[in-house]
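Q: Order-wise, the sequence lines are chains A and B.
Sequential numbering of the first sequence, starting at 1, is according to our numbering.
Sequential numbering of the second sequence, starting at 1, is according to our numbering.
The hints are simulated quantities; they were obtained by calculation from the structure and are not laboratory data.
Just to be clear, a hint being listed does not mean it is correct.
Straight-line C-alpha distance at most 27 Å; calculated DSSO-like pairs for lysine-lysine [unchecked claim]:
{"hint": "1", "chain 1": "B", "residue 1": "Lys236", "chain 2": "A", "residue 2": "Lys268"}
{"hint": "2", "chain 1": "B", "residue 1": "Lys28", "chain 2": "A", "residue 2": "Lys265"}
{"hint": "3", "chain 1": "B", "residue 1": "Lys236", "chain 2": "A", "residue 2": "Lys265"}
{"hint": "4", "chain 1": "A", "residue 1": "Lys177", "chain 2": "B", "residue 2": "Lys179"}
{"hint": "5", "chain 1": "A", "residue 1": "Lys263", "chain 2": "B", "residue 2": "Lys160"}
{"hint": "6", "chain 1": "B", "residue 1": "Lys235", "chain 2": "A", "residue 2": "Lys313"}
{"hint": "7", "chain 1": "B", "residue 1": "Lys28", "chain 2": "A", "residue 2": "Lys263"}
{"hint": "8", "chain 1": "A", "residue 1": "Lys138", "chain 2": "A", "residue 2": "Lys148"}
{"hint": "9", "chain 1": "A", "residue 1": "Lys381", "chain 2": "B", "residue 2": "Lys28"}
{"hint": "10", "chain 1": "A", "residue 1": "Lys197", "chain 2": "B", "residue 2": "Lys236"}
{"hint": "11", "chain 1": "B", "residue 1": "Lys28", "chain 2": "A", "residue 2": "Lys148"}
Have a look at the derived ranges for each label pair, beta carbon to beta carbon [unchecked claim]:
{"hint": "12", "chain 1": "A", "residue 1": "Gln223", "chain 2": "B", "residue 2": "Tyr186", "range": "39 to 47 Å"}
{"hint": "13", "chain 1": "A", "residue 1": "Glu33", "chain 2": "B", "residue 2": "Arg35", "range": "38 to 46 Å"}
{"hint": "14", "chain 1": "B", "residue 1": "Ala197", "chain 2": "A", "residue 2": "Thr152", "range": "28 to 36 Å"}
{"hint": "15", "chain 1": "B", "residue 1": "Arg162", "chain 2": "A", "residue 2": "Gln108", "range": "23 to 31 Å"}
{"hint": "16", "chain 1": "A", "residue 1": "Glu370", "chain 2": "B", "residue 2": "Arg87", "range": "55 to 63 Å"}
{"hint": "17", "chain 1": "B", "residue 1": "Gly165", "chain 2": "A", "residue 2": "Leu205", "range": "28 to 36 Å"}
All of these numbers come straight from a predicted model, not from anything done at the bench.
Beta carbons: idealized from backbone N, C-alpha and C, even for Gly.
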Amino acid sequence: MKLEMIGLNHRTAVLSTRERAAIAPDALPDILERLVRHPNIEGAVILSTCNRAELYLSPTFHFDEAELRALYVEAFGLDPDDGNVAYVHRDANAAQHLFRVASGLDSQMLGEIQILAQVKNAYSSALELATTSATLNKVFTHAIMCGKQVRTRTAISQGAVSVAYAAIEVAQRLYRKLEEHNILLVGAGETTQLAAKYLADAGALNLRVSNRTTERAESLAQQMNGSVTSFPPTADDLMWADIVVSATSSPTPVLSVNEQGGKLKQRKRPLLFLDLAVPRDVDPAFAEFDDVYVYTVDDFQELVAVNIKARQKEAVRAEEIVEKEVEIFVEWYRNNRIAPSLQQLQAALESIRSAEVENQAHHFRPEDREEIEKFSRSMMKKVTSMIVANMRRAAADGNDLTLARAIAVAFAGKDRATTEQILEQLNHELSH
Amino acid sequence: MFTYTLMPAILLVLFGGLLALWIMLYHKPDNQLERAAVRFGWVVVGVYAFWLGLLSFDQQQIPILTIGQICVFLGFLIWMDQQLVERRISQRMLVVVPIVLVILLMLSGIAGGLRHLEGPHELHSAWSAVHIILSMAGVAMLFGSGVYGIGSIVLRRMLKKRQFGRLFSTLPSMDEMHKLRSLAIYHGWSLITISFASSTIFMFAERDGSPSFFSHLHEMFALWAVASLLALSEKKRWLGDQRQARLTVALTMLMFLLMAGSVAQIFFGGRS
Chain A
1 MKLEMIGLNH
11 RTAVLSTRER
21 AAIAPDALPD
31 ILERLVRHPN
41 IEGAVILSTC
51 NRAELYLSPT
61 FHFDEAELRA
71 LYVEAFGLDP
81 DDGNVAYVHR
91 DANAAQHLFR
101 VASGLDSQML
111 GEIQILAQVK
121 NAYSSALELA
131 TTSATLNKVF
141 THAIMCGKQV
151 RTRTAISQGA
161 VSVAYAAIEV
171 AQRLYRKLEE
181 HNILLVGAGE
191 TTQLAAKYLA
201 DAGALNLRVS
211 NRTTERAESL
221 AQQMNGSVTS
231 FPPTADDLMW
241 ADIVVSATSS
251 PTPVLSVNEQ
261 GGKLKQRKRP
271 LLFLDLAVPR
281 DVDPAFAEFD
291 DVYVYTVDDF
301 QELVAVNIKA
311 RQKEAVRAEE
321 IVEKEVEIFV
331 EWYRNNRIAP
341 SLQQLQAALE
351 SIRSAEVENQ
361 AHHFRPEDRE
371 EIEKFSRSMM
381 KKVTSMIVAN
391 MRRAAADGND
401 LTLARAIAVA
411 FAGKDRATTE
421 QILEQLNHEL
431 SH
Chain B
1 MFTYTLMPAI
11 LLVLFGGLLA
21 LWIMLYHKPD
31 NQLERAAVRF
41 GWVVVGVYAF
51 WLGLLSFDQQ
61 QIPILTIGQI
71 CVFLGFLIWM
81 DQQLVERRIS
91 QRMLVVVPIV
101 LVILLMLSGI
111 AGGLRHLEGP
121 HELHSAWSAV
131 HIILSMAGVA
141 MLFGSGVYGI
151 GSIVLRRMLK
161 KRQFGRLFST
171 LPSMDEMHKL
181 RSLAIYHGWS
191 LITISFASST
201 IFMFAERDGS
211 PSFFSHLHEM
221 FALWAVASLL
231 ALSEKKRWLG
241 DQRQARLTVA
251 LTMLMFLLMA
261 GSVAQIFFGG
271 RS
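Please model the entire structure based on the sequences and the hints provided.
A: Written out as structure tokens, the structure is:
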């Protein structure tokens with residue numbers, strides 16, 4: 001029972017390599033099934049996202065590194081040279097890597113949320129295909145739990161870290177439920193379309209589009225289930241809107257206080273301008289109104305910088321959580337390494353006990369048999385518990401494998417094949 | 001000893017703990033801890049209610065017989081109000097304001113005296129209990145509206161000055177604070193109005209009663225008039241959201257002074 005991972009990500013491989021490494025969902029079953037047919041592989045999970053292509057394995061014996069790289073390259077359809085940029089982690093380090101990935105600590109955008117869902121999907125796909133193993137089940141469920149914990153106990157995923165999301169964040173500081181508010185889109189270019197999409201994703205429903213070319217305005221309005229208004233927008237449009245998103249290529253402001261600001265003094269609710277254009281579309285003088293807020297691209301970049309800094313601060317706490325969870329996993333992992341020896345020990349002791357009870361049975365009355373069984377079992381249980389406790393203690397000093405080996409030899413039964421198998425596993429562990 | 005010394009001390013420690021917890025959450029946001037803090041807040045409501053129960057049992061009526069008792073009763077209503085609002089909208093950092101307010105009220109209560117005294121005899125009647133409880137519940141609501149008003153002003157300042165700190169993302173959104181403010185004003189006004197009406201009925205019914213009940217009529221009427229003005233301004237939307245928030249804060253302060261004057265008239269004043 002081992003754990004190994006090999007992969008590449010945005011830090012170790014260029015985009016073209018990552019593109020080659022990406023695995024289409026319909027190709028996944030074939031690859032996983034092929035992998036688990038390998039005599040040394042007990043289980044396999046593939047995590048393939050736009051930023052990483054990772055293979056998690058639970059082999060019977062650790063692969064030689066060159067062999068592992070070759071296996072990876074073949075599974076992901078890469079060139080042999082690509083395998084050289086892949087990183088390899090084993091056992092506790094592999095678990096730590098996965099825990100960090102699930103927590104968003106290894107992501108290009110620190111603390112991103114999507115990666116947790118991607119880890120869940122990778123695991124459930126493998127689970128459905130029955131290509132996981134006990135070790136992989138444990139490490140993945142633990143990683144998912146760790147990812148959730150990091151996100152609930154730290155603010156690592158809070159605050160927008162892209163200009164578009166920063167604009168939404170500012171909008172939601174004014175209006176939490178965007179679906180209850182009116183949004184005026186000025187311009188129908190790529191930036192406005194993207195902003196409209198983000199706003200719609202955040203719940204915005206009531207949109208009005210104003211664009212120099214009416215056809216493009218109509219097209220965008222149709223996409224967003226909105227309506228079209230004149231260009232430039234009128235003072236009434238500004239009275240209707242709660243949020244104005246502007247991104248035209250006009251060299252002069254499209255919205256000026258002199259032209260459209262006349263009625264704003266009568267306005268009773270806040271108005272937010274999200275000016276995504278360079279040069280600016282919105283007259284900065286609008287900001288002088290009491291309840292009017294004018295935000296430009298620079299402001300969003302400032303917010304993004306603040307949020308990134310805050311996430312970096314939170315990452316320290318997130319690493320502490322990961323560290324603790326890795327320790328818990330490692331304890332489970334260690335206990336599992338010595339589990340076959342312990343089972344062998346229990347079987348040997350039970351066999352001695354039952355044989356002895358049988359041999360000595362004629363010394364006792366038949367009605368005492370039950371009591372003797374009870375007494376002997378209890379004694380054996382105590383002996384086993386003492387040995388298990390001492391082995392766990394030895395694990396802290398790294399001596400558990402030696403002790404497990406000694407037990408496997410000392411309590412070897414008639415079934416030599418099983419003992420040999422246990423010893424082979426332990427020797428392999430010891431050699432690593 | 002237990003009712004008058006140990007219980008208030010326990011409650012002060014609990015509120016101190018809550019304050020420390022919420023301040024810690026400001027530096028280290030943790031959703032699990034926040035949920036625990038909200039649950040802990042309900043435990044404090046329970047302990048507080050138990051204490052008020054003990055005081056009521058001791059004096060055989062609701063603890064509103066001294067200024068000190070009124071302060072702690074008001075503190076309870078404010079904390080209860082805060083916990084109910086928290087169920088609807090997470091206020092994150094705004095919760096610190098009611099905690100500080102309740103601690104101050106408790107300290108004033110202890111300083112003002114919690115022990116059973118022979119206060120004005122009208123305070124022992126059921127009518128006065130209804131009147132005082134409704135007044136205090138109304139005032140607690142109006143205090144709440146002042147807190148949301150402060151929240152709106154702070155958030156506006158942050159939005160205008162681009163102060164994107166932790167508080168920026170932890171305060172409720174501007175529209176939520178406006179909604180909460182409106183709700184608190186309407187509920188507060190309704191409670192104050194019912195309270196005022198009930199006391200007026202009582203005043204006519206007990207025309208030959210003690211003068212102390214009539215003593216704070218002017219203050220009570222002024223308080224009701226201010227609350228009505230605030231509620232009307234909110235309803236008719238005479239002002240923009242920000243100006244309404246500022247007006248709410250100013251009028252809440254005025255109402256606090258009137259309330260204090262009104263209470264002082266009952267205990268220390270004559271007929272006004």
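Q: Indicate, hint by hint, whether the structure satisfies it.
A: Going down the list of hints, with the structure as the test:
1. B:Lys236 / A:Lys268: 11 Å, holds
2. B:Lys28 / A:Lys265: 41 Å, violated
3. B:Lys236 / A:Lys265: 17 Å, holds
4. A:Lys177 / B:Lys179: 12 Å, holds
5. A:Lys263 / B:Lys160: Cα-Cα ~21 Å, so holds.
6. B:Lys235 / A:Lys313: 44 Å, violated
7. B:Lys28 / A:Lys263: At roughly 44 Å apart (the allowed maximum being 27 Å), lysine 263 of chain A and lysine 28 of chain B break the hint.
8. A:Lys138 / A:Lys148: 16 Å, holds
9. A:Lys381 / B:Lys28: Outside the cut-off at roughly 47 Å; violated.
10. A:Lys197 / B:Lys236: Status violated; Cα separation ~36 Å.
11. B:Lys28 / A:Lys148: 17 Å, holds
12. A:Gln223 / B:Tyr186: 39 to 47 Å: 41 Å, holds
13. A:Glu33 / B:Arg35: 38 to 46 Å: For arginine 35 of chain B against glutamate 33 of chain A, whose Cβ atoms are near 43 Å apart, the range 38 to 46 Å holds.
14. B:Ala197 / A:Thr152: 28 to 36 Å: 48 Å, violated
15. B:Arg162 / A:Gln108: 23 to 31 Å: 26 Å, holds
16. A:Glu370 / B:Arg87: 55 to 63 Å: With a Cβ separation near 59 Å, glutamate 370 of chain A and arginine 87 of chain B satisfy 55 to 63 Å, so the hint holds.
17. B:Gly165 / A:Leu205: 28 to 36 Å: 31 Å, holds
Checked against the numbered hints above, the structure breaks hints 2, 6, 7, 9, 10 and 14 and satisfies the rest.
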